[in-house]
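Work out the full structure: start from the sequences and follow the hints.
Quick mapping for you: the protein sequence lines, in order, are chains A and B. Take 1 as the starting number for the first sequence in the numbering used here and just add one per residue. Take 1001 as the starting number for the second sequence in the numbering used here and just add one per residue.
Since the hints were derived computationally from the structure, they do not count as laboratory data. Being a predicted model, the structure only gives us computed values, none of them experimental. Certain hints may be false.
[What the hints assert, rightly or not] With a straight-line cut-off of 27 Å between C-alpha atoms, the simulated DSS-like cross-links for lysine-lysine are:
no., chain 1, residue 1, chain 2, residue 2
1, B, K1377, B, K1152
2, B, K1166, B, K1475
3, A, K443, A, K413
4, A, K357, B, K1377
5, B, K1070, B, K1442
6, A, K357, B, K1199
7, B, K1222, B, K1199
8, B, K1436, B, K1095
9, B, K1083, A, K329
10, A, K206, A, K378
11, B, K1151, A, K357
12, B, K1104, B, K1121
13, B, K1082, A, K329
14, A, K391, A, K451
15, B, K1212, B, K1222
16, A, K357, B, K1315
17, B, K1436, B, K1298
18, B, K1360, B, K1298
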Amino acid sequence: MKRIFFTHSAIILIGVFLLWYVGYPNTLRWMEGISFFSTAPDFVNLQVDLPSDALAYAGAFILQLFRWPIVGALIQAFFAWVIMMSLDVAIYRISGKEWLTGLGFFAVAYYVTCQIDYPNLTESLVWCLISISIMLVSFFVKRKKESPKQDKKSRILFWSVGAGLPLVLTVISIIMVLNRFPKRFSERMFGLEYMAEAKDWNGILKDVTPMDSHSNNVLRRFALLALLETDQLKNQMFIYGISDADDMIFADYDDTELQLFNTMFYEALGVENEIIHQMFQISATSRFGMSFRAMRRMIDSFIRQGDFGLAEKYLIVMNSAPLSRGWVKDKFADMQVARAEPIAVDPHDGEVPVRVKSETPLLSDVVRLVDAYPTNRKYVDLLLCGLLASKDTGKFWEIFRRVAPHVYGLGAKLPAYYEEALLLASREDPSAIQMYPISNERKEAFNRFVKMMDSNQRNMIIPAFPNTYWAYVYGR
Amino acid sequence: MKRSIIYKLAAAFVAVTFTIGCSRSLGDAAETSQSYPPIYPDYPDCTIPVNIAPLNFRVRGVDGIKSDFKIDGNVILSVSGKKGLIDIPMKEWRKMLETAQGQKIEVEVSTWSNMHPNGIKYKPFDIFVSPDSIDAYVSYRLIEPGYETWKKMGIYQRELCSFAEKAIVENDVNDSGCLNCHSYRNYSPSTMMFHARGKGGGTVMYKDGKLKKINLATTGPKKQGVYPMWHPAGRYIAFSSNDTHQTFFGRKGNPIEVYDISSDLIIYDTETDSVITDPRFSETSRWETFPAWSPDGKYLYFCSADSCGMPLGRKDLHYDLLRVGFDASTGRMGETVDTIRSSALEGGSVSFPRISPDGKYLMYTLAENATFPIWHKEADLEVIRLSDNEIIDASLINSPECESYHSWSSSGRWVIFSSRRLDGRYTRLFIAHMDKDGEFGKPFLLPQSDPEHNMLRMKSYNIPELMRGEVKIEKSKLKDLFNDK
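As structure tokens, then:
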């Protein structure tokens, strides 16, 4: 029994550990992020309303360890191992045949394929409890004794059914999990989320190619956010397939992950209240009524805002999660540093409504932000890029002449897209190209573009003028 | 050899036990401080009712703590604790308050910590024990101070002489819908109402053991009932009917403005199941909200403002405080509408008028503008003496953070109110004494068994209403009500 036990253990522990650690490390972190554990009485009351909730509470406790993917992967492997070990013992005790234990892998492999659908761990715990129960029951069954004789047939059965079958079933289950497209996509999205939280914008742009961005609206938003943060939106957004201003956020989605993206977008804009708002929404709809990720993001936001009273409250709550105490200690230290620094006075505190219902939600928000903070270049560029993305050249020029002088000194070199839009606007209003110098090279290109349009060669515009506003508006 | 090890282990055990024993028996502190102890919550100099639960407190960052409670210089009770927590035994506390009523209790706190291993004794502080008792229970809604959605909410009741908290109703009975606006008739736990929104929603009435659900939105003028107040005689309930929205603000400051784009007054007759309206309080050019009866039931107070475009006009939206006569025998409102407080003359915007049971004082929340003060950091409580319409000093009960909903005790000697003073976001309940001359004592935070509960609780207290006793509604009956059984 020892050799089969060690063989099975090696197959399941190595296989499942690698599946999670190599294949789904971000999903492990995400599982911790959406969960919450606390010893605070209110939280316990909420979690243990029903007897079945006790398992969720236990799962929440274990999930704290998933913040470190290597530990999370080990735990996932451990769950599978417990099921395997229990079934091995039960089958061996009932049948008395070592090689028959390999059949238990039908259940183990099935569990491995399902494990990724158990983010709260509740079902994993149920699987373990049932397996252990079966094992315990087997102790009451009269044990059959295996013949000590090791003939050729028994060796073949051992290596084929006892060891070979488990290996094949485990490999198949791992391949099945690795080929689940929605889970693979989520894993990639979670990776992008963590990169965005860590402000690894170049990492995002390395991961999301322009082709990816064209074909997927979630990836596109991450790419556009990275472009905004690296000041490349005004030179690159058309390559990445922007099709509308609202391509930059998820305007009307209730999905947690999409709301989470929105918080990162608003963080990029310094719209802190909206981070808190969205995080509250995410928390309120979560299984636990709160989540570690939301707590951490809110604490960071409160510290940035100088709202130390609330930051302290949330840190005390986080401190009731035993495995977050190190993080809490670090944040208390950060808060001490932040307290010593003067908080910038914002003349428009609380005066800029956001997410007001509108046909163009993002542009409406950004217009109000630009009105309140006219010298904020990020806001101005976002507004102008949003107008370009809307293909409204006339509106772009109308707004541009009002807002650009606050952030682009007269005589400054403008981003290529702006020059292209101004040249296009100058067909209606010649003064559009008089505010800022436009390079001769651009003017000549524009003349070629106009000739192409006049000669009805619109299908040639994209190859002739790639990554231009002209191609974006008129290209086919 | 073995014996020697056993002896050594036994000696070590005795030494450890002795050390632990010594650290637990707190004697006198070696050092003395001239400052008050940094206790949480802030209880020094507050006035408390004779029947309140123990004021347990904590000093953060210390290990051992001792508190001597003295009356006239004599130690009546001495409590020691660990991890900075003073957990006062209920029986001794009650006995002490009985003895101390009308007097002050001097509290002398000593702590032991790494910084003060031999202990430090702080300057004693006083707690004043009023002989005026407070109503036995307070009810409130617990909800995340959130934005649009919630996980679990409910209306709860707390016994004020203990720490016992029980649910009156939780939103598992109405499919996680919203529960709000509970109101009692004359502090009676046997006559109450609340709204339940969402699936199977309606206004739930509980009267003399019987439950009933009505839908005001389909009754009479088909106006939704929102902010209620039960007429003292019991037949009528005044509601405002509000169409409420909210706007979010992006960067710091007040994050939300909650506002109405219409609001009228309606009166529900519980005997005829009919709704009474008055064209003066249903027109679109004025908005009326937050009705409140005078204790004799002869006047209906309410807030009213000229309607304007919201949310852009929020800075210009100022609610006056008005009152109109009411004849309970006919259910009709009087002809004259009096202005109690004019925002045009005195500025600000009034919410939540509440008249003291003796009819002498009127308390309301005053914000700079608009109608929902809980998101207005500047909102404070203000009190008018109705005999001469003079504003009396309420500075002792206000704070730099928002003070909002409030209710009087049935004796009129206590006020319970919600305030965000602890952290700026989570409303907590404070209780303040008002003496017969209209002077406030320093308010105190609703006591909890462990004061840290105030930090760990991730929900806000809404609409504190004092009651004379416990509300006893069977959960199964409530479930049946929503399942239309």
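Q.
Run through the hints listed earlier and report the numbers of any the structure violates, in increasing order.
A. none
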